[in-house]
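Colleague: With the hints as extra help, turn the sequences into a complete structure.
Protein chains: 4
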Amino acid sequence: MSPRKVDKAARRKEILTAAVKVFARKGFAATRIDDIAAEAGMAKGSVYLYYDSRDALLEAAFEAYRAMSADIFDRAVNGPGPALERLAGLVHAVLDVLAARREPARIMVDLWAASRDAEKSPVDMAAVYGDSRAAIAELLRQADKEGVLRAGVSEHHAAVIVGALEGCLLQCLVDPGLPATELAEPIIQVCLEGLRRPAA
Amino acid sequence: MSPRKVDKAARRKEILTAAVKVFARKGFAATRIDDIAAEAGMAKGSVYLYYDSRDALLEAAFEAYRAMSADIFDRAVNGPGPALERLAGLVHAVLDVLAARREPARIMVDLWAASRDAEKSPVDMAAVYGDSRAAIAELLRQADKEGVLRAGVSEHHAAVIVGALEGCLLQCLVDPGLPATELAEPIIQVCLEGLRRPAA
Amino acid sequence: MSPRKVDKAARRKEILTAAVKVFARKGFAATRIDDIAAEAGMAKGSVYLYYDSRDALLEAAFEAYRAMSADIFDRAVNGPGPALERLAGLVHAVLDVLAARREPARIMVDLWAASRDAEKSPVDMAAVYGDSRAAIAELLRQADKEGVLRAGVSEHHAAVIVGALEGCLLQCLVDPGLPATELAEPIIQVCLEGLRRPAA
Amino acid sequence: MSPRKVDKAARRKEILTAAVKVFARKGFAATRIDDIAAEAGMAKGSVYLYYDSRDALLEAAFEAYRAMSADIFDRAVNGPGPALERLAGLVHAVLDVLAARREPARIMVDLWAASRDAEKSPVDMAAVYGDSRAAIAELLRQADKEGVLRAGVSEHHAAVIVGALEGCLLQCLVDPGLPATELAEPIIQVCLEGLRRPAA
DNA sequence: TATGAATGAGGTTTCATTCAT
DNA sequence: GATGAATGAAACCTCATTCAT
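Residue numbers (the UniProt record's numbering), protein chains in the order written: chain A, 1 to 200; chain B, 1 to 200; chain C, 1 to 200; chain D, 1 to 200.
Please note: incorrect hints may appear among the correct ones.
Which copy is meant is left open, because identical chains are indistinguishable; a pair holds if it fits in one copy or across any two.
Said to hold, decoys possible - Here are the computed lysine to any residue pairs in the SDA-like style, where the Cα-Cα straight-line distance is at most 20 Å:
(1) 21 to 118
(2) 26 to 117
(3) 21 to 117
(4) 120 to 29
(5) 120 to 102
(6) 120 to 103
(7) 8 to 44
(8) 21 to 98
(9) 8 to 39
(10) 120 to 176
(11) 120 to 32
(12) 120 to 25
(13) 8 to 43
(14) 8 to 56
(15) 120 to 177
(16) 26 to 59
(17) 26 to 40
(18) 26 to 105
(19) 145 to 75
(20) 26 to 54
(21) 26 to 120
(22) 26 to 175
(23) 26 to 118
(24) 26 to 55
(25) 44 to 14
In short, the hints are calculated from the structure, not lab data.
Modeller: Shown next as structure tokens:
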């Protein structure tokens, strides 16, 4: 009559969470479906009821990553307050995420590896960084309209800011000794203050 | 004396070069010993006469990467001229390497992945970045002695500069559309000019 | 009495019909219980309420095939009219079944495969062909009594007639271009006229 | 210097022979690569050095079957002597092969099953039977030119003869009790004598 | 009775590594 | 030293069957 009923979406999320955990711990290449199933507390075959393949799980992890990234950047672009303050908040937000949950961030290296050939792979980190640069560029335009930027700030500077962020994340990832949150202010100083119009 | 010693080292280098080429092209995970042997123009078994395992080849690739990186940074630290000019030269040098030979740089993502567990793996990117930060910090100290830095420049700023460099490399790697060399000047502007003491 | 007995039998038949359809379409080896359940419009688990296993369904398909075959042959043996006319009618009947519903006939190859080891498998095509030969032999005896056969017609000739029938079916199965019904008359000519006593 | 050298073609043949043996014994569906490797006296992985997949082995078995079949029919078509005698010889040859080596013939049912969907599968039994019919039809034309056939013998009679042959083979396959060789003469009588022009 | 989620044994295929020549 | 055939341990994925609801 009332056969076992599961919330498919919830189950997918459970499995994805487990997968991300294991990917973060062992790396995608070294992760076995068995590991994910064990982490999720189910049998190997059950994973396949919700995801078609191991690659599909990485892809799902990418989508989640992309959504999270987009969310952070969107909030900065569309939020209230002076543009440069929102940019500073963005820097803090990104590093806080890493500091709060180191593991999930570790899958980034697997996402980079998976997006090696942009055409063949659905994991498209180029698009993520493109979006990030566009968001930062928009923030810089907003700041420029506010008249707080010095002259000559171009699109390329957005790439540098994104780079500084990701590059600091990267260092924190490979070197657990580096304190992510403490890098926020230096990043802000270097990247933003350097672009700010000198106070008369 | 040792009639074949030179040959042995040359052979190792040949194989390593081939391996790096294939790693760059297909990624470490997708690289087969067969691919490397084919690229090196020899039989699969012969690879094992010079390297103990597939992992040993990645390790060797890491050592080469580390050496190259150390070389670039050392030259900047020990070179002649004003410190900030050497720092600017360093930025150009790093990005020029990427622009000149995109493929070899691609192995970085595999090195990152391999250095996931710092203890177990001989691939230790944390050390590389630690060295890089130390070099930049030394450059900043030199610049400070020259009196060209504004006050309050700390070790963390070195991390930001390394981060900006690596983060821009990363974006260029993932997105072939981004022109590496064109990012050099923006990086220099953002990272260095922002730290420079305002001209009286 | 037993309120659901009729339903149970009907349900079994529904499932069997669905199974035969899918077996015919995809072959037994490629048929999944899911396919059968879908074809029958029920859930996978329900199939197991009526059949113990996938093999049991093939066995049931075999029984149905055997019954149908026995029916056709029995009618020819016990029917009215001259024996050779009944034999000719039998040939037409067999080929007409194939022409009418090509799909169900396709399961024959799966039945042959399943009857590979006569001891272990309940699918026993040897018995079916044995019965067929016996029926044909009986028809030939009847014809002999009617005095219309030439001398020397033995049991083996029954095997040849069965063989010609099945062999033509096989060709039609494998080659959709061959028109089953058009083969009836040639079969009759070759097999029967050749055995008929030359008209004085 | 002189590294291990194997005759690739010979090795392929060895493996194919082993595969055919196991296919015949257990059926294609029930045959595991392990079984084939064991039968060939090698490790599982070695099989894949010579054949790409299990399906490729069935395909190879088909090619061998097709070649053998073509050979027998070609010899009958192009041989010396009266056409009907060659046809009779053909019948004996086909049944003798079965009698001599029952096992290899058993793979026929797997070939039939595999040729279920003519487009997708490289196993094309329809083509084999088409060739067989063409050969028989040619023989009948030759016999007709020799003036030994009665009138009205058409292409369809070739199908009947092929059918009688295959149908008898089939019965012998599923019923080990049926003696293949003893069916040769009845087949010849039914199929050929029935077509022969009555001696004045 | 009906359901369909869960299971896990089992099969194919890959490929790093070994080793006989 | 060089070769490349052979190995066999994994790992992915499938799917018949079970069973809680």
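Colleague: Flag every earlier hint the structure violates by its number, smallest first.
Modeller: Violated: none.
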